[in-house]
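Between the sequences and the hints, there should be enough to build the whole structure, so can you do that?
Per the numbering used here, the very first residue in the sequence shown carries number -18; after that it's consecutive.
These aren't lab readings, by the way, just hints derived from the structure by calculation.
Warning: the hint list may mix true and false statements.
Taking lysine-lysine pairs in the DSSO-like style, the calculated list, with each CA pair at most 27 Å apart, reads [stated by the list, open to error]:
# : residue 1 : residue 2
1 : Lys342    : Lys220
2 : Lys255    : Lys179
3 : Lys255    : Lys163
4 : Lys29     : Lys163
5 : Lys29     : Lys179
6 : Lys163    : Lys179
7 : Lys163    : Lys250
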Amino acid sequence: MERQILAVARPVIRDELRISLVMMGWITFGFRLFYGLFQIPGGWLGDKIGARRGLTVIVSWWSAFTALTGLAWNAVSMLVIQCFFGLGEAGAFPIATRSLSRWMLPTERGFAQGITHAGSRLGAAMMPPLVVAIVLRLGWRAPFWCFGAVGVAWAAVWFWYYRDTPGEHASVNAAERDLISKSLGARSRVSHSVPWRKILSSGAVWNLAIMYVCYSYCLATYLDWFPTYLSNHRHFNLKQMGFYASLPLLAGTAGDLAGGWISDIWARKSGNLKLARRGVAIFGFLLTAAAIMPATFTESATASVWYTCLAVFGLELTVGVSWAVTLDIGGDFAGSVSAVMNSCGNMGGAICPAVLAYLVKAYGWNVPFVCAAVFCVLGAALFARVDASRPIFAE
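Okay, here's the thing in structure tokens:
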């Protein structure tokens, strides 16, 4: 929710602070660059101090910088604040993955990761109409303050409720603890030494990482620029943009849930984890590539939105599966493995906003979306090499 505020309020912010389209691209680049660079330190933090403390610290940090964004007075101040925002948010998904590693059975991981990422897309989908309503009533600064407070409240609830292992949670009964222990083995609360040499020398990790570059470039195209595309190219007014910009994100929420769920069922019924992970992700990437083309070239603005819904649904079919693979191959160090994947992926996401602004300026809005389709085809080819049945570490 907090990440999406800037994307929705961007047209109003640009007018008031006199920030150019290209400079806005660099501001988003700054956020994504720091978000990408600090993935590995964020994943290490979660593996070192545990997910309970790790998420409490980083969510409080980035929520503070969300609120501070509402105090920005020019492009430079906005850029600096967004960089520190990205630094804090970098550990979110790696530490969330770590939080699942001690709790989820292998055949539950895809759906669990799907739910996690569906929450992200659902939050983003809720934001366009909410932000538009708040901006029209209270100005563009108010949403940053409101949702910064929401983040701090979430951190407090998380610290109160979550425990790093099932044995520490009062609500877990003996049968549940026994089931998890037999499936995953006994796990300590934190990891004392992260085997970075083993992780960084794994070909499987780097294959995942390059695949995630393709995914993140496409995702950034829609998260960071789709509201602007609807406003500038498809000529929706602010209220229309707020409504239509949320629809692809709702479709993405369904894709997150469906991808992990289908992959887990496939794995349970076939016993072939490798094929279950590969099949869903490859289909999702190819569906996205196929849907992007009519979304880009149709003359109907509303038809473009519906095709985009299909494209984002396909793209999000892949994400729960991708993160489930980091649990499959990373085991107790899934936080660090997923951090490497997400760090490299978000380099692609960081490049996208700046590159897209220049592509739009030089060639118009069609070329960036065609590039996204090409990245999806490449992502499918890379996922064809992923083998989730081969863990990096011996049990």
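Here is what the structure says about each hint:
1. Lys342 / Lys220: Holds - the C-alpha atoms of lysine 220 and lysine 342 are around 25 Å apart, at most 27 Å.
2. Lys255 / Lys179: holds, 21 Å
3. Lys255 / Lys163: Holds: lysine 255 and lysine 163 sit about 22 Å apart, inside 27 Å.
4. Lys29 / Lys163: Measuring from Cα to Cα gives roughly 24 Å; hence the hint holds.
5. Lys29 / Lys179: The given pair, whose Cα atoms are some 17 Å apart, holds under the 27 Å limit.
6. Lys163 / Lys179: holds, 26 Å
7. Lys163 / Lys250: holds, 21 Å
In terms of the numbered hints stated before, the structure departs from none.
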